[in-house]
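Chains as they are written, first to last, in our numbering: chain A, 1 to 276; chain B, 1001 to 1408.
Hints in this document: simulated from the structure, not taken from any laboratory.
One thing to keep in mind: the hints can contain errors.
[Said to hold, decoys possible] No more than 25 Å apart at the CA atoms, straight line, and that leaves these computed lysine to aspartate or glutamate pairs for DMTMM-like:
(1) K1206/B - E95/A
(2) K194/A - E131/A
(3) K1209/B - E209/A
(4) K148/A - D70/A
(5) K1206/B - D70/A
(6) K148/A - D1352/B
(7) K148/A - E131/A
[To be verified] Derived coverage of chain B by chain A (criterion: at least 3 residues anywhere in the stretch with Cβ under 8 Å from a Cβ of chain A; other residues may be distant):
(8) 1018 to 1032
(9) 1213 to 1221
All residues carry an ideal CB built from backbone N, CA and C; glycine is no exception.
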Amino acid sequence: MKMDLGKAAMTTPRPLAIEARGLVKRFDGFTAVDGVDLSVPEGAIYGVLGPNGAGKTTSLRMLLGIIDPDAGFRRVLGAERPHDMAHAIGYLPEERGLYPTMKAFEAIAFLGALRGLPLAEGRRRGRRLLEDNGLGYAADRQIRQLSKGMAQQVQLLGTLVHEPRLVVFDEPFSGLDALNQGRLERVIRGLAAKGTTVIFSTHVIAHAERLCDEVARCHSPVRSTWRATASRRRSGWRPAPRTAPGARRSPPRPGTRARSGTSPCRTAGSSRCCAR
Amino acid sequence: MKTGRLSTIAAALVMARRDFTAILFSRSFVFFLLAPFFPVVVAMVAGGIGQKVQQSTARAELGVVMSAADGAALSAARDQLAREVDPGLPEIRLVRRLAPGETADAAAELRRSSAAAIVSGSLAHPVLTGTEDRIAAWQGPVALIAGTALQKVPTAWPEVTPSPTVTSNADRRESRAGTAQGAQTLLFLLTMVLAGMVLSNLVEEKGNKIIEVLAAAIPMDAVFLGKLFAMLGVSMVAIAVWTGVAGLALAGGQHLPDVAAPGVGWPAFVALGVVYFAMAYLLLGSVFLAIGSMAATVRDVQSLSFPVTMLQLVVFLFATYAAAQPGQPIELAAAVIPFSSPFTMLARAANDGALWPHFAAIAWQALWVAVSVRIGARLFRTRVMKSGTGGAPRRPGLLRRLVRNTQG
């Protein structure tokens, strides 16, 4: 079974939703990200796993075009300027933010409009999504009148209202209770079942193991080590298949395969930061 | 329904629509609309108080310590002169009637009475006792009144038949200068208030963490443009409301002020005023937004925007001074310098009827608005999210794209 998958992957490689090579980002002389490589196949659930401060958010921001890298190359859904494909991307940042005076359904419509969805259609979908998720009663309430959890759900619905092909979640589980974490996991699986590529960052291994087809691990135990080694050997991420000892394996979803043969550090269970 | 890629302009419109409606339907906008009425009320109250103070000053009396006959003659002469020549002549009050041969200490009488000064002696040799300022102010009037009382000036004044005209060239020039200065001041106040609003709006957005959601979806240039144009739209609504209320108040009171028609005529003047306001606002707004991108807190905003506000005040004073020197090199300089140009040209529209300089000035200002917005947007982009410079191919500039299309 494993071999078949590998062969299939080599003979008919799936196109990449995200491809990044050697991304570098410095802030005021401090190198936050140094030489990140990433290949995310279309339709995959892809986890970016690493400790706090490892540069996960900065890397995702570069991939989305929120900030430009100081060096390196990125291609998102075939576009070298991510904003060109913004209409096909959804993004839920770690620090959630909505306009406090906006009504819930308007907030969803606005997030859709930012991604090119006509406002009237966004409003219609906003109301429907809120109804479907048990929040219909709050559609006309202002964001500031909602609880934190409800506001987070509204922002999640706004992230998905335009039916993106690629969804990026930055630490999506932080601040959620167990019930809502489970709900979000179901949302992510549902997206993937429809062929949407999902990439999310997390520092919780369990989430990555439960959900991901592939996990990019960033092993930077302490930032000083990262910085100290940066000049000698550029730290990077490589996709590592979910075959770490002790990891629970679930059968791959139909139509998704682990990308093979792309990384020199594809040692199963490798816990090193790959060096060039 | 499929979504499509938004152009920068379309994305800016999404942003502008959000900001426009959010501001328009907020409580702070109501206070913003009411804001100009507070200074008007304060000015009216202050004006009333000032008038009362002036009236009390005008009521300062000239005490007379003379013989009864001289006193009566002096009082009659004063009333006649006040009627025919100068209503502002000091009121006269007989403080003490002197008996023939009696003398009086005028300084002592001044201390005892409430008069501002004392005139004593005789009509031929009046003595004015009072403070130096009061003597300087009243010396001439006292001589005139005493002379009239002695009948050394004509007592029968020829009748002058009035033949009033609406205005004269001298009056028009003076009045237009007033119109120019008023328009400049209004433009300056509006620009400062609205540029300040766009700044606080941005800081609030950064505080709400929304900026990252925006930056992920649309280019920061679009966010910048959207905010700028939303506030321009809001300001146009505010101006329309203020103009309407002022018009109603004036029409209702049946008291239209005697404001001279500007050189280019009222319709063109109003149109030019709107255009120059837009230019001044866009120039200053882009500077303020760039400042906002560097500020994290309201305190940062205050400390960063203070020098710019002071600089803008200097620019305004420069434009006001230049407007008073029509045709001089300084007026040309003020019209050329981008930040003072809208103010100077609006004053010119009030003073002069030629229209072509305005077309040239608007083209020149539009060029600088484009440059300013461009630089502001770039600063905004690099400062708000601390973006880098590499990593992605840049979209060619508009000029390069035009050349390429022409060649292709």
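Hints and how they fare:
| no. | hint | result |
| --- | --- | --- |
| 1 | K1206/B - E95/A | 12 Å, holds |
| 2 | K194/A - E131/A | 21 Å, holds |
| 3 | K1209/B - E209/A | 30 Å, violated |
| 4 | K148/A - D70/A | 36 Å, violated |
| 5 | K1206/B - D70/A | 23 Å, holds |
| 6 | K148/A - D1352/B | 61 Å, violated |
| 7 | K148/A - E131/A | 18 Å, holds |
| 8 | 1018 to 1032 | holds (count 3) |
| 9 | 1213 to 1221 | holds (count 7) |
In this structure, the hints that do not hold are numbers 3, 4 and 6, in rising order.
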